[in-house]
Every structure is written in C-alpha cells, then in structure tokens.
Amino acid sequence: MDLFDNLMLGFSTAFLIQNVLYCFLGVLLGTAVGVLPGIGPTATVAMLLPITFNFEPVTALIMLAGIYYGAQYGGSTTAILINLPGESSAAVTALDGHEMARQGRAGPALAAAAVGSFFAGTVATVVLAVAAPPLADVALRFGPAEYFSLVLFGLIVSITLARGSALKALAMIALGVLLGTVGQDIYTGTPRFTLGQRELFGGIDFVSVAVGMFGIAEILRNLENERTRVALVGAVGSLWPTAEDRRRIVGPILRGTGLGAALGVLPGGGHVLASFTSYAVEKRISKRPQEFGHGAIEGVAGPESANNAAAQTSFIPLLTLGLPAHPVMALMVGAFIVHGITPGPNVINDEPALFWGLIASMWIGNVLLVLLNLPLIGIWVRMLRIPYQVLFPMIVLFAVIGTYSLNFNAYDVYAIAFFGLLGYVLIKCGCEPAPLLLGFVLGPLLEENLRRALIISRGDASVLVTRPISAVLLALAVAALAVAVLPSIRRRREVVFAEDE
Amino acid sequence: MRTLSRMIAAIGAVSLVAACSGNDGTSGGGYPEQNITIVVPFSAGGPTDTVTRMIADPMAKALGGKVVVRNAEGAGGTVGAGDVARAQPDGHTVLMHHIGMSTAPALYKNLDYQPLEDFATVGLVTEVPMTVVARQNFEPATFQDLVSHVKANAGTVTLANAGIGAASHLCGLLFQSAAGVKLQEVPYQGTGPALTDLVGGQVDFMCDQTTNTSGQISAGKVKAYAVTTPDRVKSLPDVPTTTEAGMPQLRVSVWHGLYVPAGTPPEIVQKLSGALQAALADQAVIDQMAKLGTAPVTAADATPEAHRTHLDEQLKTWAKIIADAGVQAS
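Order-wise, the sequence lines are chains W and G. According to this note's numbering, the stretch in the first sequence is residues 1 to 501, in order. According to this note's numbering, the stretch in the second sequence is residues 1 to 330, in order.
By construction, these hints were calculated from the structure, which means they are not laboratory data. Treat the hints with care, since some could be wrong.
[Said to hold, decoys possible] Calculated from the model, a selection of chain G residues having no Cβ within reach of chain W, i.e. all distances over 10 angstroms:
#, residue
1, PRO47
2, ASP49
3, ASP197
4, SER214
5, LYS234
[Unchecked claim] Label pairs and their computed distance ranges (CB to CB):
#, chain 1, residue 1, chain 2, residue 2, range
6, W, VAL390, G, ALA319, 42 to 52 angstroms
7, G, ASP231, W, ALA417, 24 to 34 angstroms
8, W, GLY183, G, ASP312, 33 to 43 angstroms
9, W, LEU476, G, THR156, 55 to 65 angstroms
10, G, GLU139, W, GLY183, 56 to 66 angstroms
11, G, LYS151, W, GLN18, 51 to 61 angstroms
12, G, GLU139, W, LEU421, 50 to 60 angstroms
13, G, LYS316, W, THR194, 49 to 59 angstroms
14, W, SER405, G, LYS316, 16 to 26 angstroms
15, G, SER218, W, VAL130, 38 to 48 angstroms
16, W, LEU476, G, GLU139, 51 to 61 angstroms
Positions of the beta carbon are idealized from the N, C-alpha and C atoms, including for glycine.
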C-alpha cells in the first residue's frame, strides 16, 4: 500500500505539465546525441547542467535523466544502420543489427530494439520502485576483488561474441586490454605508452576506437567489391518484424531485462557488462547459434533490452546512497547540490516527491521514447537507400566532427584513421573488432580493480578466492573459458583426424 | 590538447577584444565594457563550479555588467588556469580556482604559469571544510583513538583518496605527516568511487570535503571523527575540530579565490574585489553556502592583499609536504 501511495505521489509529480515537457525534451535530446556518433550523454549533460540551475530540482533531474537513458536508446540506431556504435553497449547491437540492415531487415532490427528497450525500461522502473534500497546494499558488497572477478568473467564471456576462432577472439581481447593501458597510470601518474605525446596522456578515446574499428573499417570493406557497394542495402524488406521475429524476440527480451536490471545496480561498471553478457547468453542457449553474427534478431533484442534495463537501474546507487555510478550521475550529484539537496541516503525520506517523481518520469520517458522512435524507423530505413558515393563521405564527416567535438583533440581524429585501417586489416585476417573493443573498455577496469584489491590486501592475491562473491565469479570465469575453448580444440582434432584418413 | 584549447582561448579572447573595442577606455572608468567571463577550471556541477555560479549573479549586479561562467577543465585545473594567465589583463577574464592553485607548482613538473607572478589576486571566496571519515564499523571511537590506532596498525590500515593531487589526497598527506605515520594509500578516480568503497567498508578511512560527506555522515553511513577547520561546522555540530581533538597541524580546507591575469590595472582589481565583497554579503549566497556546509569569508579576507598573503603561505606549506611525500602528478 505504501508503494502505491508513493507511486501516486510520483506520478502526480511527473505528470505536471512542465515535467512532462522537460522529460520529452530530455529524451529527445538524448536520442539525438545517441544517434550522432561522438557526442555522448556526458558532454550533453555537462553543457545543459547550468541551464537547469533555474528549474525546480525535480524538473532538472527528470530532464538530465532523460538525456542519459534517451542516449542509450538512440545509440542503437546508428549502430544498426551504419555500424557506428557511439557507446560501448551499442557495439554489441551493431554485430547482428547491422548484418540485419545489410540484408534489408533494418526495420525489424530497429523495431526489436525499440520494443525491447521499452519493455526493459518499464520493468526496470518497477524494480527501481520496489527494491532500490535492498539492491543498493547488495551493490555495496562489491569491492575491488569482486569487480576484478566480475570483469574477468565478462571478458572471457566476450569470446562468444566472435563468429570464428576462439583463439583469435582471445588475442583480440588481449590487444584491446593492452590498448586500454595507454595513458597516465592512475596510481602513480606515470605516463604509459604515450610516446612522449601529451595528447595521449588521457588515453585513447573510446569513440575513436569504436568509430574506426566498426564504421571506417566497414566502409573500407564495402569499397572492395564493386557490385555490392552501389548502395549499402539492395532491397529494403518489411519495416515491421514478422510473426516469426516476434516469437523469437520474446525470450531474449525477458532474459536481457533480468540480466541488465541486475548488473546495472553495480556502480563499478556493471552496466558496461550488461549488453554483451546478454548477447553471450542468447548465443549459448540458442538453437541456431550459427545465425549469430549473420543477422540473428535475438542478438539485437536481448542486448538492447539489457542495456536499457541497466541504464535505469544504474540510478539505484545514486538515488538510494547518493553515490554516482557513471560520469552522468556525478553531474547529477552536482545538480542535487546546486538545488540545496544533499545527495545521500536520506534523499528518499527527505524529498519523497523528488525521488518518486523521478522514478515515475522514467516510465513516462520510456513511453515517449517509443512514441518518438517507432515512427522514425521508416525515415531511418530510407536513409540506407542513399547511394554510397554520398552516404560514405557523410558518415566519415559526421564521425570526424563528432569525435573532434568531444575534447577538441586532433589526436582523436588521427586515431579514427589509424583504427579504421587496423580494423580493416584485422577483418582481412579473420579477427573481429567486437572482442577488441570490449577488451579496450573492460581492460582498464580490470587493472584498476586488481591493483586496488592487491593494495588493500598488501599484495596477498588470495583475497580473490577467499571472498565468496569473488570466488564464485572466478569459478564461473574458469568454466566459461573451458566451455569456449574446448569445442575449438575438439574441432581442430577432428580436422587433424580427417586429414589423416 | 592543451596547446589547442589554449589557441582557441587565445583566438576567442583576441576576437572578443577586436569585436568589442569600440572605445579605447583602458583606465577602468568604463569597466566593464563587455561581458566578464569567470573561468572555472573544473567541470560543471562540481563544488567549485557551484560556488562560482552562486556569486556570479550578485557580482554582475554590483558591477553593472554581465558575468558568464565558462568551464575549462583538465589536468587538475592547470589547463583553465593557464588559459587565464595568458588572457588580456583587462579584467574581463577572471579565474576561480581552489587550493589547487597553491599545490600545482609542487605537483606538476612542467607547469606553464607561476601563481604569484602570472596572476593578480582579487580576494578569497569561501573555505570548504574537510572531514576525517571512516567506514561505519571502523574500531576507533574518537579522533584521538584514530591516531593511536593507525600508529599501532600502520601496516594494515588503508587510507583512501580521490586521486593524485585531489583535496582528499592532500589532506591525507597532511594527516600522515602530522601523525608521523606512513599509511597504505588507496587512490580512486574521483570522490564518488572512493566514498562508495568507504560506505561499503572496503577501505578504512579518508578525508574529504563536507560537500561530499555530510549526507553520508548525517545518515550514519560513515563515521565522522573531526572537521579540519578552526571552528565547528554548522551542519555537523557534533563533530569536533582537529584542534579540539589535539592535532591543530591538520588544518586544511578547500579554499577558493578569484584571480585576474597579472598586469590588470589595480583600480579594476579593486572594483572586482568590491563586487566580490558585495556578493559574499548577499543573504541568498550565505544561505546557499550554508547548505554546502560552508560560509563566505569575511570582507577583510575577500581582498587582494589577504588573498595574496594566504596564497603565498599555502604555496610554501604544500611545497614542503608534497616534496616530503615524493608525489608527482605531471
């Protein structure tokens, strides 16, 4: 009953006309920055934060939150259409989503992403309303050792992202982890692999790597073949998912939502893991694993649901503990402070209208996102008919402008060219970019948490196995590695035997 | 990146001057002739940004012009400070900086400005107190207990901080030097993750600004031992000061001050300082700062002279502590 009263309070706040308006503005802006490669939600929130200082606190937070989850939503569009993931989670969507687009099934892919995101957003909002405080307590049990084991598990699981050899996928992960070490060491300030260039002190930018390895490499690959390059997509099929599609996405959406909602709660990077853990799960349990990487709709619906669910539940540490899980959340802490609200565990009790109003607005925001995005699908899909002579230069232009506008750092643009070429060469060698990208994102988290765990334990590595959550995660990682590597060993043996005969 | 943003800032400054140089008024009589930009060398929404935006409007009113706040973050505030050091010394580009102004020369080898030579001080703004906080179930009950406990268990106690050169790191260095111990420091990337692990009980204790800790303290999620200012903090009336607790040397606050490029005409500096004093006397500003657990400095401290004396003294203090600890941020 209490919950009901609280939700009533929330909806009565969220349905105030100015709150609905700014919620819409937030998700609209979020979708826009999600669609444009480069400009991310963090930069947008940082730029708009000063404007919101004149708003009511709840209105300001509703709009800023809308930008964050709206961007998670919009990021899938460019990933599917032109293989340009703007956020790490969208890299997974690009795998099968873009394959679907190449087969003329961009419409069903976008629709599956939209429907999955909406369902996941709705469920995660309920989770947020019902179970935020207890979940926050679970999140606090995750210390550096647990995060290290979780990230390691995630990295090993990401081997399944690859279509081909597990060994090559492992090599790509390792390369990604190494690229992630470029820049200043956070513990000592020592510059690593910066070649003396100040511009590299901050590390290589994620967007440059993603845009290069996915977008530019894809364009280079398309240019190879004169017959297929006339347009990105020959024929565009139906805009809406078929009955068969609809049946196939139910399970992935449900599982993705559950996984995403659970992982999103962890403030130390859980939301990064959500989308590709979902992909790995779907590929593992699918009856048609061979279709993954060649346009399986499950590979779009699952990760997109997971991603959106995680985007909602990652607000739990912020709202219940006052602890930010993401740079966007850190900016929102600033918004709290400016409005005279001390972020912390007391916000739920001291500012119930704000807490419940924000939660209710997330549901409204999800409805608005679906209303906004479903009609847009037809327009997006038509974009694919643009001839390549026009489309490809435009993609490159937008990618370069977007990336440059992040930090005004010319190195980020050079990096696009470098990773574009590298990505192309790697594809030619049968190595895929997705595991590299995830190694690049997760590598720094892996190192940071391992070193922190060892600093706290005074160099005693046994903490990784004596802490129960960490031990379980490590055991899972070993099991996942065995499952991933064993079939390829067996297959190689079979090949060897076949040659002997 | 730094050269580039510097170039953009320079081009921006030059074109602004070119665009607005309708008259030749340099005597300060016509000041302000155009918008005044206060550069905040940290991101929007952070504590320094918040304080700047609080005083921007009342200062604009006192000056009879418009004041714009611009964020130029990077490298511990040295990027934005460098921008202002090279700006036109006409009072239209002002820098808001915190304690980092006095620690940067010791922390950064290749700093491209000198705080005392390249800037003129306008006045101090506020001092945000810091608190010594610990995980909820950490054994020591009082600050004195804490000091004897860390001395006895120097091999196992962990001291978190928000990154090299962060206020929490400096405060931790000062604590170790005052207590005469060397503890295992655990750096994080920002206050958020450090505080998360403190609330979760992964690390033992840390020192951080009241802005960040007061919510957790009043909710009982962390244990507060002391505040590092001479007087108790209004929002935390039960927490003793370090002086009361027997460690007067641990006196550190995140003090904020306004600067203009060296060579700015003194009468313009005086005008700015007067506007700052007017803003700090504004009841709305006092109320907003109280919510952050801080207060404006006295009118006597919001002057160029008091600010310069304080900066000089702080530069010497931190140069020694940082050199002793052997810390480099480069």
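Tested hints:
1. PRO47: violated (7 angstroms)
2. ASP49: violated (7 angstroms)
3. ASP197: violated (6 angstroms)
4. SER214: Contrary to the label, G:SER214 does not stay out of reach of chain W, its closest Cβ about 6 angstroms off (not over 10 angstroms).
5. LYS234: holds (13 angstroms)
6. W:VAL390 to G:ALA319: 42 to 52 angstroms: Between W:VAL390 and G:ALA319, where Cβ atoms are some 60 angstroms apart, the hint is violated.
7. G:ASP231 to W:ALA417: 24 to 34 angstroms: violated (58 angstroms)
8. W:GLY183 to G:ASP312: 33 to 43 angstroms: holds (35 angstroms)
9. W:LEU476 to G:THR156: 55 to 65 angstroms: violated (30 angstroms)
10. G:GLU139 to W:GLY183: 56 to 66 angstroms: Roughly 38 angstroms apart at Cβ, these two residues miss the hinted range, so it is violated.
11. G:LYS151 to W:GLN18: 51 to 61 angstroms: holds (57 angstroms)
12. G:GLU139 to W:LEU421: 50 to 60 angstroms: Given about 58 angstroms between the Cβ atoms, the range holds.
13. G:LYS316 to W:THR194: 49 to 59 angstroms: violated (32 angstroms)
14. W:SER405 to G:LYS316: 16 to 26 angstroms: For W:SER405 and G:LYS316 the Cβ distance comes to about 42 angstroms; the hint is violated.
15. G:SER218 to W:VAL130: 38 to 48 angstroms: The hinted range 38 to 48 angstroms is violated for G:SER218 and W:VAL130, with Cβ atoms some 26 angstroms apart.
16. W:LEU476 to G:GLU139: 51 to 61 angstroms: Since W:LEU476 and G:GLU139 have Cβ atoms about 35 angstroms apart, the given range 51 to 61 angstroms is violated.
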